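Dock chain R against the given chain S, drawing on the hints supplied.
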Amino acid sequence: MQTPRPGRDILDRALRASWLAAIFIALVLAPSHPYDALSLLAGQLIAFLHFMFLRKIVKLFTEKRGGAGALIAIKLVLVYGGLMALMSWGRVRYAPLCAGFALPFLALFLKSMMLAFGAGPASLWRRPRQPVGGSGVSGAAVIAILFVLAAASPALAGPPTVTDTPASSKTHAGEAAIPDPSHPQPAASAHHEEGAAELPNWLVILHDWNPDNPVITWLDENQVIVFAWIAGFLFLFISWIAMRNAKMVPGVLQNAIEWMVESMENIAGGLLGEKHIQRHFPIIGALFFYILTINMLGIIPGMKSATSSLDLTLALALITFLYVQFWGIRNLGIVGYLDHLAGSPRDAIGWAMLPVMLPVHVLGELAKPVSLSCRLFGNIFGEDTLIVVFVGATAMLIKASLVALAVPPMAGITALFMMLQTLTSIVQALIFSLLATVYLYMMLPHEEHGPEESHA
Amino acid sequence: MLFPAALGLGLPIGIGLAAIGSGIGIGFLGKGAMEAMGRQPEILPKLQVAMIIGFGFAEALTIYAFVTMFFLQGRIG
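Quick mapping for you: the protein sequence lines, in order, are chains S and R. Quick note: the first sequence, position 436, residue 436 per the numbering used here, numbers continuous. Converting from the second sequence to the numbering used here requires adding 1000 to each position, the first position being numbered 1.
For reference, chain S alone in the conformation it holds in the complex:
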């Protein structure tokens, strides 16, 4: 992998890609929503200035040259002052402003992912060997296509009225709900309507922006499913990229993935034993990585952890439950399974306790999926709620024009809680998969371990 030339590093490319995307989106938006387009460009400009000053300041600091203080002062005035001036200007639209501000970060994120996948710092245009694959441009293109679709679709749904028409959107919701009544729509919409605090993700923003589109309405009502799909495809995509051409001497990403899988296998294997882990690791590892991806998705702004809904966690817990019971019956046999449920009565006291022990064990088995799902849901939802509370407090302070009080301390606290959220995501994914392992271990025969441990 060649080193980037000094003037054209990854930041330059990311910024250029985000400028292209911003100008394109602004051009699309400009005829119908001129202020949205202007706000988007303003946000993009602020973020661009921020990056430029940051780079200069870091350069001055690393080369131990003077003048950094003056530059910091200029940056404070220009960037934060500009942001505050924009916010106090009545005409500005917040959502496009935030989107424009986030675009360079998104492009930088996509570019760094691209670099991590080993694509290398290639130019945007001269890159014949790399087809579609997560560069800043393709990410921006996806966003642009989404926006174009959203902008074009009112023609399908009716007159492009900006004002909210609850009646028409209700009918669309009804139509969209008919094709599959089995999906947990009531729960999702109940979450929505009772106003359980949630940060707006891009589906909500899209829906607010264009409430008449049936597709967007459907997506908005099934957010949990959509985000679970996104996480699943992301997970598949990363694994596919990493293992596309696996080598004996692994590259960066292959090495990372192999390390993660191997350490997870070691942890679960330490509980389950060498013999069983070979057979059961696929589901345990899949649970761990899937839940981890879903949890981590919630940290990205504009995304949502699908595990902050009980629907998904209950589904995962039920899968685990059925798997464990299936392997229990298969390993112990029907009689052995019933014997296990009855607490393995061997003597008179055991048989006498049977009417008590059987319900206790059955209830214990049934409590496992409830406990698994509630634990995951409660943790992730709790973290999300915590962050929402702090973001809400920040927004209230900004509304009361106490920006100086709001932004540095409150945003710092929020960032701190987001780091905590990262930790929670990893730990909860680990706990879920390890508890599944333990439940499986209780069901599997393990005579070969028993005597040694009792002697020791």
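If you're looking for bench data, these hints aren't it; they were derived computationally from the structure. The model shown is predicted, which means the values in this text are computed figures rather than measured ones. Fair warning: there could be bad hints in the mix.
Unchecked claim - Below, a list of computed lysine-lysine pairs in the DSS-like style, where the Cα atoms sit at most 27 Å apart:
id, chain 1, residue 1, chain 2, residue 2
1, S, Lys275, S, Lys368
2, S, Lys275, R, Lys1031
3, R, Lys1046, S, Lys368
4, S, Lys75, S, Lys56
5, S, Lys59, S, Lys75
6, R, Lys1031, R, Lys1046
For chain R alone, kept in the frame of chain S given last:
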């Protein structure tokens, strides 16, 4: 006493009590694990896994209270 008022008073207290219990449990677990690690550092990886599982069980009790609060929250107002 009105039902919503009782609920509004009781839910936070219940969560607090559950958190006290979980905190004591996690504290004991961490204490035991730390002492064992100090005595026998080579057992660390196995111990950490067991400790995290124990944390999960202890913490789950607060989470149950939290989930209960979440389900009953709508009936306060």
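Margin query: For a quick check of understanding: which of the numbered hints are violated here, in increasing order?
Written below: The structure breaks only hint 2.
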